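Novice: Those sequence lines, one after another, are chains A and B. Our numbering applies: residue 11 is where the first sequence begins, and numbers increase by one. Our numbering applies: residue 11 is where the second sequence begins, and numbers increase by one.
Errors might be hidden in some of the hints.
Any copy, or any two copies together, can satisfy a pair, since identical chains are not distinguished.
Unchecked claim - Think about it this way: if two alpha-carbon atoms lie no more than 25 Å apart in a straight line, the pair counts; the simulated DMTMM-like pairs of lysine to aspartate or glutamate are: (1) LYS25 / GLU476; (2) LYS138 / ASP112; (3) LYS198 / GLU421; (4) LYS25 / ASP345; (5) LYS25 / GLU358; (6) LYS25 / ASP124; (7) LYS198 / ASP55; (8) LYS138 / GLU33; (9) LYS138 / GLU476; (10) LYS25 / GLU51.
To be clear, the hints were calculated from the coordinates, so they are not data collected in a lab. From a predicted model like this one, the values you see are computed outputs, not experimental measurements.
Protein chains: 2
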Amino acid sequence: MSAAAVWSVDPRTGKRREQVATEATAAGVDRAVRAAHATRESLADRTVRAAFLRTAADLLDASADEVVAAADAETALGVPRLTGELARTSAQLRSFAAVVEDGAYLDVRIDLPDPTAVPPRPDLRRWKIPLGVVAVYAASNFPLAFSVPGGDTASALAAGCPVVVKAHPDHPATSELAAALLRRAAVKAGLPEDVVVLVHGFDAGVELVRHPLVAAVGFTGSVRGGRALFDAAVARPVPIPFHGELGSLNPVVVTPGAVAERAEETGAGLAGSMTLGAGQFCTKPGFVLAPAGPDGDRFLAALTEGVAQAAPAVLLDHRMRTAFVDGVTERAALDGVGAPVVPGAAAEHTVTPGVLTVDAARLAAGEHALLLEECFGPVTVVARYTDEAEIAAVLGRLPGNLTATLHCADEDPAAPGLLAALTPLAGRVLVGGWPTGVAVAAAQHHGGPYPATTSTATSVGATAIERWLRPVAYQSTPLHLLPPELRDAPEA
Amino acid sequence: MSAAAVWSVDPRTGKRREQVATEATAAGVDRAVRAAHATRESLADRTVRAAFLRTAADLLDASADEVVAAADAETALGVPRLTGELARTSAQLRSFAAVVEDGAYLDVRIDLPDPTAVPPRPDLRRWKIPLGVVAVYAASNFPLAFSVPGGDTASALAAGCPVVVKAHPDHPATSELAAALLRRAAVKAGLPEDVVVLVHGFDAGVELVRHPLVAAVGFTGSVRGGRALFDAAVARPVPIPFHGELGSLNPVVVTPGAVAERAEETGAGLAGSMTLGAGQFCTKPGFVLAPAGPDGDRFLAALTEGVAQAAPAVLLDHRMRTAFVDGVTERAALDGVGAPVVPGAAAEHTVTPGVLTVDAARLAAGEHALLLEECFGPVTVVARYTDEAEIAAVLGRLPGNLTATLHCADEDPAAPGLLAALTPLAGRVLVGGWPTGVAVAAAQHHGGPYPATTSTATSVGATAIERWLRPVAYQSTPLHLLPPELRDAPEA
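So that you can see chain A by itself, here it is in the shape it has in the complex (with noise of 0.2 Å):
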């Protein structure tokens, strides 16, 4: 039986573009993971690893108008929009190779003997080293920023982990050109090419986070491929660390205070951050609580008016299209629940963004679970709550999420109070602003209580290269074994 044929797709048409490659058998993987794998030695040099992210960021940029092409005919994401995320996967890249070079990501710990201590403490020194080869599982959403060339890519190879890179079929296209310029970036640094290695395919996918070679994984997705890929991971003889962005609602609270300062400003600001993207970020607010009263209902017609504004969008495939006719579909007919703007199928490829509304008490009391998980697309829900206790039954209810986005006036006396119930929720907590638009900072967190992510590690910002390491303590070992980062003790 032949390899199954790989293709471009555009969504604006649902008509095939090309035939981009094939779909890796397990033999392929097998030799995709051994062809990485090989590579190991050849990362152990920071500084080569430097360069080598540097050239990759110059050569992406170099390539940019064939690259954002490629994405928007796969994606249908826009060239403004994917020009930004072009821009913002070279400066990732160029983030880690600065991160590389500084150093500090090694966690150097030197302890000299102590010999009084209890017990008595010999010469201890501790740095990082990388686990082995990282499967990456690219997004849908993000193209170049969270797939072959994004930051889990970035990462693992500034940890120094060779990369599989499973492509994610609505950007076939744009991941063969983003793996060729990381290849050719490799070689222009000196490095074998397969220390960037992309497979495609469904089952390529599976097969590749059961490979005894994987160490380690990064995933960006839905929580039903999450979760399967999740649970093989941890089901292997030896269970593999599986770093997984799975899903996130992002809840907004708008108290009082706040939409009686400026209930139009907010209304409009939400409206233009979930249909950003055609809805489509993982920190889109899916899911806001408003006052009920006049306030916060000049808050929703500025909301419903912004929305009802907004351009049908095409969504990254028909998949995606129909999964979120349905999902809006469901949740507008459950008892109680109004669509100011009624969200759902617009013209043959594309979707009409839309809001719908409830009575916080309902789900205070349970019901409407549904409205409680994330729809992907340009809906968000806005539950009106009567009282600071239906604000904290309510929260009591949801899931894990990657931000929470709190709305209060200058002095909100409900400010520190909400800000508390807000935290445990989230991995990002913002006071005013949006969530959508995550910066690439030393600080950034982006991941949280699961579902959002599998793990406590971000897959955003500097610490992200924490996930790709390990640990390793040296004892008593002489200073010419050692490696150069462990030779120099501290002052006395």
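Guided by the hints, dock chain B onto chain A, whose structure is given.
Specialist: Positioned in the frame of chain A, the structure of chain B alone reads:
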């Protein structure tokens, strides 16, 4: 049906000493977890936590005679060893008090806004917050240092997490004493006593890992028990981190240079390390690659002489005695395996330490995989090699380990290559010395590739606290709403 009784048993006689408690029912586990969970807020203050940990250390020291007597009666580990273990345990509690006060573990990172960044960077301030209730499964072989008042408990409390300890059935009376001391220390420090709750019983342990309010697990024990609990932890609707230390062979490589220089000293040192605490350390050197030939013979002679002189030993319980006797019998019966000192059953309640030998070539060829599995108790396997290729082939067949040890000559040409080969196999790599004795230090790493541990974390040393925390980033949050630790931005 009344709850099952929990008995303290004397392993020197196999006789019941006293009934200590009853096994917790499912309802009892639920009460325990909820009681611990209710204390979370009380642990928010770092100064109070540090005072609590120091008070616990003081109370443990003040009750040393009583605690050591109980532990010796239940474990037969002997008063001198247990006196040392108690001192180590109180020192460990104090060291985590210092870690909490220091605050570096919070890993505070502050990024000031940068509108020119791609994408623009808002004000981001990240630190770490406690995960919630931690379930600690106590070890058989360290009734104090890896049990109720041990490193898992101390590091979890230091992180701000309440703890529910599942007592080990080998030392329930010691567990009750230690839990009472910790709970008294909590009250003295102004905390609710339920910051530490103790439960007994196998079924209780299974209930505990499944409880929705349990947020993370620390475990020290066998591969079989640990893997079953790990599987339960990751199969939950909301999977939780499981930091388990399951088993370790702790390989030692002795070079021709080492035995040429000091065969007798090395053999005698190994005999002492592998019989220490009746060979019941998780870091016992259980597998040794030593050269064939006359120098290697001298090493083996010194080892066998030391082991032959070791007194028969009482193991922690009769189940372990049976497992040891069966394990060494099965190994000794393998084709080509010698026993210069025959390990096995001695008098009714004791066992004889022993040494097994085999040609490394057999292991290199894939024979006798059983010899590469940990056998808990006073036995080690010496594999005699004829060249470096055999060493490499055998190391390639080893599972993950807590430690790996190299004995080499002063300017041994084989040392760099062997150190590079041992590093992927373990979390702590020693050059000279023996792996038993795990210093409590900032640079310590007590963990290693599976099955040594189920995560990349350490259970000993300052960084053990990292297991019970997760990062949270605050974005654009007014300073007065932030915790004090996040208010001071770095110098521009």
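Novice: Against this structure, judge whether each hint is valid.
Specialist: Checked hints:
With identical chains, the CA atoms of LYS25 and GLU476 are never at most 25 Å apart, being 41 Å at best within one copy and 50 Å at best between copies. In this assembly of identical chains, the alpha carbons of LYS138 and ASP112 lie at most 25 Å apart whether taken from the same copy (14 Å) or from different copies (22 Å). With identical chains, the CA atoms of LYS198 and GLU421 are never at most 25 Å apart, being 56 Å at best within one copy and 38 Å at best between copies. Taking the shortest alpha-carbon separations for LYS25 and ASP345, neither the intra-copy value of 38 Å nor the inter-copy value of 66 Å comes in at or below 25 Å.
For a Cα distance limit of 25 Å, the shortest separation of LYS25 from GLU358 inside one copy, 13 Å, qualifies, whereas the shortest one across copies, 79 Å, does not. Taking the shortest alpha-carbon separations for LYS25 and ASP124, neither the intra-copy value of 71 Å nor the inter-copy value of 42 Å comes in at or below 25 Å. Taking the shortest alpha-carbon separations for LYS198 and ASP55, only the intra-copy value of 15 Å comes in at or below 25 Å, while the best inter-copy value is 53 Å. For the identical chains of this complex, LYS138 and GLU33 are neighbours neither inside a copy (35 Å) nor across copies (42 Å), given an alpha-carbon limit of 25 Å.
For a Cα distance limit of 25 Å, the shortest separation of LYS138 from GLU476 qualifies both inside one copy, at 9 Å, and across copies, at 15 Å. In this homomeric assembly, LYS25 and GLU51 never come within 25 Å of each other (Cα to Cα): the closest approach is 44 Å inside a single copy and 57 Å across copies.
When the structure is compared with the earlier hints, violations turn up for hints 1, 3, 4, 6, 8, 10 and for no others.
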